[in-house]
Amino acid sequence: MSDLIWLSEAQMRRIEPYFPLSHGVPRVDDRRIISGIIFVIRNGLRWRDAPAEYGPPKTIYNRFIRWSRMGVFNKIFAGLAAKAGKPDQLMIDATHLKAHRTAASLLKKGAVPRRIGRTRGGLNSKLHAVCDGLGRPLILLLSEGQMSDYKGAALMLHAFPKANVLLGDRGYDADWFRHALIERGITTCIPSKSNRKVPIPHDRTLYRQRHKVENMFGRIKDWRRIHTRYDRCAQTFTSAICIAATVIFWINQ
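In this text, residue positions in the sequence shown follow my numbering: the first is 169, and each later residue adds one.
Hints were generated in silico from the structure; no laboratory data involved. Keep in mind that this is a model prediction, so the values were computed, not measured. Cβ coordinates follow ideal geometry from the N, Cα and C atoms, glycine included.
Derived CB-CB ranges, DEER-like:
| no. | residue 1 | residue 2 | range |
| --- | --- | --- | --- |
| 1 | R214 | R237 | 15 to 25 angstroms |
| 2 | N420 | D197 | 19 to 29 angstroms |
| 3 | E221 | G192 | 18 to 28 angstroms |
| 4 | R181 | D371 | 34 to 44 angstroms |
Using 25 angstroms as the maximum straight-line C-alpha spacing, the simulated DSS-like pairs for lysine-lysine come out as follows:
| no. | residue 1 | residue 2 |
| --- | --- | --- |
| 5 | K389 | K319 |
| 6 | K254 | K380 |
| 7 | K380 | K330 |
| 8 | K266 | K380 |
| 9 | K243 | K254 |
| 10 | K243 | K319 |
| 11 | K251 | K380 |
| 12 | K389 | K266 |
| 13 | K361 | K380 |
| 14 | K319 | K361 |
| 15 | K251 | K330 |
| 16 | K243 | K389 |
| 17 | K319 | K365 |
| 18 | K330 | K254 |
| 19 | K243 | K226 |
| 20 | K319 | K266 |
| 21 | K380 | K319 |
| 22 | K319 | K330 |
| 23 | K243 | K330 |
From just these sequences and the hints, can you work out the full model?
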């Protein structure tokens, strides 16, 4: 197939430090397997439909599941994003990801919740993200679809890097959130809600740059296994999101 994805040697060198050590029998070629995982997630394929050039589909699937449970793909994303340095701006937003019927059962099995909730749009998950001034994701959080934006922000607040200003929409207009950011030395650029008695002014010119975080969500949703959630397990779905964010925004830096 002419549209196969193959990571370059330079790209592999950037992510190899985060791979777990191989014990006993050497692992199957990392470059071939990781490239196969990326191809399946980007194109929304079933694992058994992975092209033969990547090797046995069972091997690709097993590697993805095993490393997802170990948090390897999350570490790769977090490690590369942390190397970007101190951002001048932060942008925060959230988007819904529809859950396919294969993953939409709300019956909880196991200790880890599935992060699938019910909203007016049906069963879905919600992806919360914090980006830098270039629209590159720094923090990603998966929650149930009905979780409000500011509650998601509260869960990510401890991980916010130092920055001068944060841009957010009206969903983040909460006094406690503004005060928490001020304590961290971050100026807020958040429009006031319509029910606020005394509106808080914001820089309208600066606020126009918030489209970059929307563009980031659009690029991640171009990957078909993310735009529609097929994975029941929240760990594997989060790993797929981290893989997409890493390939799109960080692996070529």
